[in-house]
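Asks: Got chain F sorted already, so can you dock chains E, U and Y with the ligands onto it with the hints?
Protein chains in written order, with the numbering used here: chain F, 1 to 340; chain E, 1001 to 1340; chain U, 2001 to 2625; chain Y, 3001 to 3625.
Hints were generated in silico from the structure; no laboratory data involved.
All C-beta atoms, glycine included, are put in the ideal place defined by N, C-alpha and C.
Any given hint might turn out to be false.
Unchecked claim - With a Cα cut of at most 20 Å, we get these calculated SDA-like pairs of lysine to any residue:
1. 1046/E with 3130/Y
2. 2201/U with 25/F
3. 2130/U with 1017/E
4. 2104/U with 3470/Y
5. 34/F with 3066/Y
6. 320/F with 2295/U
7. 1135/E with 2040/U
8. 1135/E with 2032/U
9. 2130/U with 3486/Y
10. 320/F with 2293/U
11. 1046/E with 3192/Y
12. 135/F with 3071/Y
13. 1135/E with 2471/U
14. 3104/Y with 2489/U
15. 3611/Y with 2201/U
16. 1248/E with 250/F
17. 11/F with 2489/U
18. 3130/Y with 19/F
19. 3201/Y with 1335/E
20. 2502/U with 3600/Y
21. 3439/Y with 1017/E
22. 1248/E with 335/F
23. 1011/E with 3488/Y
24. 1013/E with 3470/Y
Claimed, not checked - Residues from chain U shown here face chain Y by an in silico Cβ test under 7 Å; the list is partial:
25. 2357
26. 2369
27. 2502
28. 2584
29. 2589
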Amino acid sequence: MNVEAKIEPLKPKDFASDQEVRWCPGCGDYAIIKAMQKTLADIGAKRESTVFVSGIGCAARFPYYMSTYGFHTIHGRAAAISTGIKLANPGLDIWVASGDGDALSIGGNHLLHLLRRNVNLQFLLFNNEIYGLTKGQYSPTSRVGTRSPSTPLGSVESPVSACELALGAGARFVARSVDTQQKHLPEVFRRAHEHQGTSFVEILQNCIVYNDDVFAEFTAKDVAPDRQIHVAHGEPLIFGANQDKGLKVNPGTMSLDVVTIGEDGVTESDIMVHDETNPTLARMLASMEPPDDPVALGVLYCSPTETYDDNVLAQVQEAKDRIPDADLNEYLRRGHTWTV
Amino acid sequence: MNVEAKIEPLKPKDFASDQEVRWCPGCGDYAIIKAMQKTLADIGAKRESTVFVSGIGCAARFPYYMSTYGFHTIHGRAAAISTGIKLANPGLDIWVASGDGDALSIGGNHLLHLLRRNVNLQFLLFNNEIYGLTKGQYSPTSRVGTRSPSTPLGSVESPVSACELALGAGARFVARSVDTQQKHLPEVFRRAHEHQGTSFVEILQNCIVYNDDVFAEFTAKDVAPDRQIHVAHGEPLIFGANQDKGLKVNPGTMSLDVVTIGEDGVTESDIMVHDETNPTLARMLASMEPPDDPVALGVLYCSPTETYDDNVLAQVQEAKDRIPDADLNEYLRRGHTWTV
Amino acid sequence: MSTAASTAETIEPLEDREELESVVIRFAGDSGDGVQVTGGQLTQVTALAGNDLATFPDFPAEIRAPAGTTYGVSAFQINFGARRIRTAGDRPDVLVAFNPAALKVNIEDMAGGSLVIVDTGTFSGRNMKKAGYDTNPLEDRSLDNYRVVEIDISKRTLESVGSFDLTQKQALRCKNFWTLGLIYWLYGRDRQPTIDWLNVKFGKIPTVADANVAAVNAGHAYGETAELGLEVKGYVIPPAEMPRGLYRTVTGADATAYGLVVGTRLAGLRLMFGSYPITPASALLHALAGMKEFDVITFQAEDEISAVCSAIGASYAGSLGVTSSSGPGIALKTEAIGLAVSTELPLVIVNSQRSGPSTGMPTKTEQSDLYQAVYGRNADTPVPVIAASSPADAFDAAIEAVRIATKYMTPVFLLTDSYIVNAAEPWLIPDVDELPRHKVEFRTDPERFHPFLRDEDTLARAWALPGTPGLEHRIGGLEKDYDTGNISYDPENHHRMTMVRKAKIDGIADDIPPQTITLGSPDAAVAVVGWGSTYGPINRAVDDLQVEGMDVSHIHIRHLWPLPRNLGRLLQSYEHVLVPEMNTGQLRTVLRSEYLVPAVGLNNISGLPFKITEIKDAVRELLEG
Amino acid sequence: MSTAASTAETIEPLEDREELESVVIRFAGDSGDGVQVTGGQLTQVTALAGNDLATFPDFPAEIRAPAGTTYGVSAFQINFGARRIRTAGDRPDVLVAFNPAALKVNIEDMAGGSLVIVDTGTFSGRNMKKAGYDTNPLEDRSLDNYRVVEIDISKRTLESVGSFDLTQKQALRCKNFWTLGLIYWLYGRDRQPTIDWLNVKFGKIPTVADANVAAVNAGHAYGETAELGLEVKGYVIPPAEMPRGLYRTVTGADATAYGLVVGTRLAGLRLMFGSYPITPASALLHALAGMKEFDVITFQAEDEISAVCSAIGASYAGSLGVTSSSGPGIALKTEAIGLAVSTELPLVIVNSQRSGPSTGMPTKTEQSDLYQAVYGRNADTPVPVIAASSPADAFDAAIEAVRIATKYMTPVFLLTDSYIVNAAEPWLIPDVDELPRHKVEFRTDPERFHPFLRDEDTLARAWALPGTPGLEHRIGGLEKDYDTGNISYDPENHHRMTMVRKAKIDGIADDIPPQTITLGSPDAAVAVVGWGSTYGPINRAVDDLQVEGMDVSHIHIRHLWPLPRNLGRLLQSYEHVLVPEMNTGQLRTVLRSEYLVPAVGLNNISGLPFKITEIKDAVRELLEG
Ligand SMILES: Cc1ncc(C[n+]2csc(CCOP(=O)(O)OP(=O)(O)O)c2C)c(N)n1
Ligand SMILES: Cc1ncc(C[n+]2csc(CCOP(=O)(O)OP(=O)(O)O)c2C)c(N)n1
Ligand code: SF4
Ligand code: SF4
Ligand SMILES: [Mg+2]
Ligand SMILES: [Mg+2]
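Chain F extracted, bound-state conformation (with noise of 0.2 Å):
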């Protein structure tokens, strides 16, 4: 008779491995690490088949303090090493944890290519608008005018927008979150976890040490509810303190703008309903930037297809489907062949 042995659920501390944590005191990261050891006890993660995989910088250290199986790569190739272990082994779960010059910088490419393909995997992407890790240059994601190590007179480069990006190179499931909302972000981690292909999130670190408060003009209490919108799939796009803000699309213009609801004639049914499916939408929701819009926050895209591993597996279960028991011997042996 087998008894199946019973497994304590495992608890948030069960996912933290035994290594201290060194990042510096007060950084993002840490309420992001929080998050996810919540979100692996709540969809009930096995730590043997989830696999942490980065590249470096300091979001990369995740890995080290998870208890499950991690990988630390190299700088901005985690999603084309992840690609490998998901083709070799489909059946492990992963999730990439990259920073903002790690995915966007270096490995911008393979970034492209992962969406692109669609594996099926969580891509996190921990953006603080700086390189952390080597200590303060400007990154791909900063602002004009940053003035960092390598530019002490200000950045000229226009930054990136991850989302639209991801949503350009054809990502089929884009969020956003902000490592300080701890019940948003494990939501999020769920949904894309959820999701099958590949989860794009981006969420919106501190670096205390080298770029703090960025992210304030929209975080800070006072200002966060009329600058933040959290979009939900069927819900209305209304935001801000009294719930009286939303999105209107006007089709003259093809642009969402943002109105009060009882103001020129505003009513709540002018209001764009959140349609996670929809692509356009989703650019324009990933394009708005405060202070004129709210930027937006939760699921901005989900919409499924094929994943590009159950793809490759397919084609080759099929060729052994078509030559079942395949001999090597008589593979070489085909074709002209003599015999001395």
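Replies: Chains E, U and Y with the ligands alone, transformed into the frame defined by chain F:
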């Protein structure tokens, strides 16, 4: 007294080098170079200040056949090398000639950052949806199911849309044309040249050897009028053999629907007017695909902003203005010094 | 499986023919002339006739250069004989030139008195001009030194297929098979296998199949009816003595693919191949992409960095990750190879070398990436390096690479080159079930486990796969503590880890065969030491020189890093060590540094394999001063 | 410009103090303790006092590790003296430990009897536990071997700044300056320069400036009033004899930046620097980013490939392209370096080496990228390699790199390392206007121009800039015809081009200084041969051994490729050649292969510079068996 040498205006053939053109007979690249030579003559380009830069691939042979300066570099890196050229000599007029493998596969990251930075040059993507030079493997723009030497059972990767990717990366000029459209192509080149910043031009190019007629479903004479829409700023988005089809915004779904003027009460005034400064419209046009939608050709997006090279050089100039005649000896002697 | 027996009616009495020990034939023409296909058929038929052989396909750089241009000329050379054949031959005995450009480009390689068959039908003024001829070479006596056979092959072909429903263009495409028929007559070859092949190949367009068959037969008949004139007679080349067994011809690309698949099977693993196309390495990607039924996964990555990284990821997850490229692509992989060294993951990196630097001459051969393989990384990162010496040898070399990578948990370089990739030779097909296994044991026991726990003998670390309960661990490129596998910045630990990584690789020298003398004795005056595809010319040259009575040996090195334990002593026993290389002296550097032997180089960096005579001359010079 | 004279009132009578020839001091504490700033100030003040000096800052791997942890300890060591100082010192004479973790990590480096100053105010139970102490080291007699000075520096500091309007946290931040004051008293240093510096640095927050000045003075007074107890007395270290001139201290990163800017000026070019941040190479990017007024363009690329490519593009357009990284980043650049070799464009590649393989120990030093520089590319791609031997030497080495790159139209490697980048030493500031020029002449004459036209002497090709009318041309990575510069697949041409590229680089050996013997004579028994930052410890060790009467010389190689013409003969004149390297033996390989000398290695791969004693011991062992 200065007598200015009278220079004969250069003709298209003056832009051809003395090297024998070595593309396969019938290759679409011939048409592209013809359009380019015409363009250069039309805009009065100077041979000595024009530089063609390329990576590796059939397309990348382009510079050898032009009588201007040319640099045939390494696979995927033309964007990065061009950025260096431009920073060193902003007076040069740079055209990058790149294939879909060169620009979007190995060179994807440099392209993305070139567009984001907005370096003032023209980037031409010769998209034949195949790796020509290496004998026919599928590329990142190849359609699902493409049979090639590396995918004998058909490719399983979803292709990237070049123009959508460019827009997602922050491109400020995005256009599309077809190798054989010898009126349209020079016009698009001219617009690209006129634009200050990175001008991204996708040219649909037929590879007669490895991917013949891949665009025929919308370039074949009989279907072309109904499957192509030539967009022009300020003009309604009308197409069709009878010029009775058009694109109409559906505000509820935020999509562009194909409608027929005169049917279902549709009039010309319902048709969306092309606004090349509208990024949302540009993305929607870029994403249209036959057979349901026509392929959009022309300048999809043009919204100039500051260029990277201008900004970099302005910053250097500012530094020089702030410390005129900066003296190295003095600089080295700044701070604590002592005499022995 | 085909049969070695020939169809009776296609054989004519060959008894009266002159016997040759070997012959070298080169076909040359436009890409459109089907030169490579022709060569491929002759190779098959010759192999079936029991000759030993070697081939050398030489592709133009352009995909499809305009017809008639010199740079568009494609060539295929075959050397076959009644003795063991080592190279595709220094100089052809027969040149078939399908057009003036082909004649122009190839005539300088021909020895005086050799046979030159030209298709006069292509010698129009326009074509000759395109080829750069000011006067007609067939008339200006410039070919007086050769036995020129002028045939209007174009016309003859058109005649022979006139009865089929073909356009003129289609009909002309049968030229190569007409010519092949003639060559078959010349050397008494059996037409049947080619006829069979045509019928299968063009099964869906029987007219084309039939026309080509007719062309083969017509060309053959042309020879038979002695239309060639008396100076050209038929020859016979008896079968060569070869080890007994079942043979096929194989290119280096195919042999490498088979070796990787078989080697991975012997290790009990799945093969995951990550690559990015590049000439000439793509051929391996193509070959493996067609072997999915053996559970092979091929991943065409977005670039070489992704390719090697995907392979590393696959190895991390328990497959064998293999990646492949040529020099410029390998350059891009070197950072990631460092990660595989640091994390001690198995990985096979196949480098199909080509002519450099940079883009160089992408379709030409060279062996100039040895420095890159042995030394070409940052930091102290020793990596085993193995080279294949011929197309067929690539099979064994690939198995050996897999064995070492998995047994020692290390990346391994497997070097081939453009010549090996494209050339073909007979291959004694092994019984895969009889090959020695080198099965991998994954770690599953959590007891006292840490990821850098080492096997006492091999010093290899434990391979523990994600998915295994209880072995959850983290690895990465940061330095690791010897005793726990955790990150460590301890100075002494770093020294210790660097040294153990080095000792692990050095120790492989005890697990590879001692260096043998390929030909000759340890007390000869000269050792000619080679690696890779110079095997053929060196071996033949040394063989010939020994016949001439010269005191010379051939030593060919397969394991380039670590080197066999006995190699130093062996080399020190020779007066002269001559190292012919298709580079400026890379193995020479390694040998001099390792053994302080005053090795001298013979360096040919022309993009072409060595000629046997070059090596013979160099040895003579060394001995005679 | 500052002045070398000291402010009168801060000097006390030093006559009675004991004179020391040199002293080594190490500060250690949390990142937040301002250890590096303290060290920087002591360096400046010591330099102004006329001592020779060398420093070694040792950063923790973490950006800002939690306070009190051992892995968060930051250290700064300075060696200064009345004689020439070659290294930062094997073992400190004085350790200042700002907390228990600092004591824990550093105490093993201290010799018995040395001075250990601890801030007892930080020795709480919690802090001791964090540092891994089970018992209080100040009480458990484990420090009995040292002269421990226990001061509650925290408390004393708070007292000294009590009158300022500071939070407790801010006040405690003055600890380092209080301690510096004490050290100034101990070695009779002038406080004024530091006081001036504080007033400038905190000009906008005068309270902070004033508080820190008060702390300096209080620390100083603490020593003066003999509160230290009788066993600790003040010392005096007289000025060293140094060549006359104007001095400043300089780190290797700054010296490299200055050398590149000056070298480019001397060539008459503009500098375009393309780089991607990486530890420790970023320091050079930062330094150059601050020099825009000298027409320097810095481009922070998206990755290392883009960085090197942008530099190549800039050189193509007529600037000098320079790129910089550490080993893993250099690995990514190697493909593009091949393009620069093939197109023969000038390029300087600075490699600030760090500890590998892979990510390794990014903040630690190593010199294990020599293979990569000399051999680490595909194909035959010789590239000159130059190494700086000390922070100040990086200035000259950088100028030399620029000279060779532009004169010979070639990429040049300039090797530094983590130690050189971060360490500081006095630098005799040159007059830039007096330095020899090496002005570049661009080609402008269209007459008989082609882009691969070579200078007969240097074999460098003509540098013709886009923008020049009449010189329009195309270049690229494909092989070029020797005579026209057009694409060529001709076999003999490729051989010729490969050989001329090699000859060009080999020929540079005639344009560099012959190898000198740094210390000693050509007929000694042992030559200790080094390169790069091992200069200091080797030189001091050989110097000491000579004083001991040993027959040993020091040879330090700057030009690692091509090697100086006379080096082979020179090395062959020694009985023993010992090559100390912070790698497993890379220069040793090069020397053995080039000269067949039986060089042996002394290899320390700990991430730390050699200790003088290690080298002395190795030489002794070699001589005494
Ligand atoms: C090939 C290579 N190039 C550069 C580096 C140096 N490097 C390490 S992390 C990093 C960027 C870190 O920024 P980001 O990815 O945003 O992560 P963060 O530290 O901000 O979390 C860089 C440039 C490296 N390790 N390897
Ligand atoms: C580093 C490197 N990797 C791979 C190659 C091989 N290669 C040359 S061109 C090319 C792709 C060509 O395709 P594309 O860019 O679409 O140009 P096309 O030939 O179709 O015009 C590849 C893979 C190379 N030259 N260098
Ligand atoms: S540097 Fe910034 S991102 Fe890195 S650990 Fe510190 S606070 Fe976090
Ligand atoms: S292979 Fe295709 S793209 Fe290349 S030259 Fe030929 S037709 Fe043109
Ligand atoms: Mg970051
Ligand atoms: Mg293409």
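Asks: State for each hint whether it applies.
Replies: Consistency of the hints with the structure:
Of the supplied pair hints, the one linking residue 1046/E and residue 3130/Y is violated, its CA atoms being roughly 71 Å apart against a limit of 20 Å. A hinted pair counts as satisfied when its Cα atoms are at most 20 Å apart, and residue 2201/U with residue 25/F does not qualify at roughly 71 Å. Among the hinted pairs, residue 2130/U with residue 1017/E is consistent with the structure: their alpha-carbon atoms are about 18 Å apart, no more than 20 Å. A C-alpha spacing of about 34 Å is found between residue 2104/U and residue 3470/Y, which places the hinted pair above 20 Å, so the restraint is violated.
Between residue 34/F and residue 3066/Y the alpha-carbon distance is near 18 Å, which keeps this suggested pair within the 20 Å criterion. Between residue 320/F and residue 2295/U the CA atoms are separated by roughly 7 Å; this keeps the pair inside 20 Å, and the hint holds. For the hint linking residue 1135/E to residue 2040/U, the alpha-carbon distance of about 19 Å falls within 20 Å, and the restraint holds. The hinted pair formed by residue 1135/E and residue 2032/U meets the criterion: a straight-line CA distance of about 15 Å does not exceed 20 Å.
Between residue 2130/U and residue 3486/Y the alpha-carbon distance is near 18 Å, which keeps this suggested pair within the 20 Å criterion. Our distance criterion of 20 Å between C-alpha atoms is met by residue 320/F and residue 2293/U, whose separation comes to about 4 Å. For the proposed pair residue 1046/E and residue 3192/Y, the alpha carbon gap of about 63 Å is over 20 Å, so the pair is violated. At most 20 Å may separate the alpha-carbon atoms for a hinted pair to count; residue 135/F and residue 3071/Y meet this at roughly 17 Å.
Among the hinted pairs, residue 1135/E with residue 2471/U is inconsistent with the structure: their alpha-carbon atoms are about 45 Å apart, more than 20 Å. Of the supplied pair hints, the one linking residue 3104/Y and residue 2489/U holds, its CA atoms being roughly 15 Å apart against a limit of 20 Å. About 73 Å separates the Cα atoms of residue 3611/Y and residue 2201/U, which puts this hinted pair outside 20 Å; it is violated. In summary, the hint linking residue 1248/E to residue 250/F is supported, as the alpha carbons are separated by about 14 Å, within the 20 Å threshold.
Between residue 11/F and residue 2489/U the alpha-carbon distance is near 32 Å, which puts this suggested pair outside the 20 Å criterion. For the given pair, residue 3130/Y sits about 14 Å from residue 19/F by alpha-carbon distance, which is consistent with the 20 Å threshold. A threshold of 20 Å between alpha carbons decides the hint, and for residue 3201/Y with residue 1335/E the separation of about 12 Å falls inside it, so the pair holds. The hinted pair formed by residue 2502/U and residue 3600/Y meets the criterion: a straight-line CA distance of about 17 Å does not exceed 20 Å.
Distance hint between residue 3439/Y and residue 1017/E is unfulfilled; the C-alpha atoms sit about 32 Å from each other, more than 20 Å. Proximity of residue 1248/E to residue 335/F is assessed by CA-CA distance (about 59 Å); at most 20 Å being required, the pair is judged violated. Distance restraint check for residue 1011/E and residue 3488/Y: the Cα-Cα separation of roughly 29 Å exceeds the 20 Å cut-off, and the hinted pair is therefore not satisfied. The suggested pairing of residue 1013/E with residue 3470/Y holds, with an alpha-carbon distance near 17 Å, which does not exceed 20 Å.
The restraint placing residue 2357/U at the interface with chain Y holds, with a minimum CB-CB distance near 4 Å, inside the 7 Å limit. With a cut of 7 Å, the hint placing residue 2369/U at the interface with chain Y holds, because the nearest CB-to-CB distance is about 5 Å. At its closest, the beta carbon of residue 2502/U sits 6 Å from a beta carbon of chain Y; the interface hint therefore holds under the 7 Å criterion. The beta carbon of residue 2584/U is positioned within 7 Å of a beta carbon in chain Y (closest approach about 5 Å), and the interface hint is therefore held.
About 5 Å separates the beta-carbon of residue 2589/U from the nearest beta-carbon of chain Y, less than 7 Å, and the hint is met.
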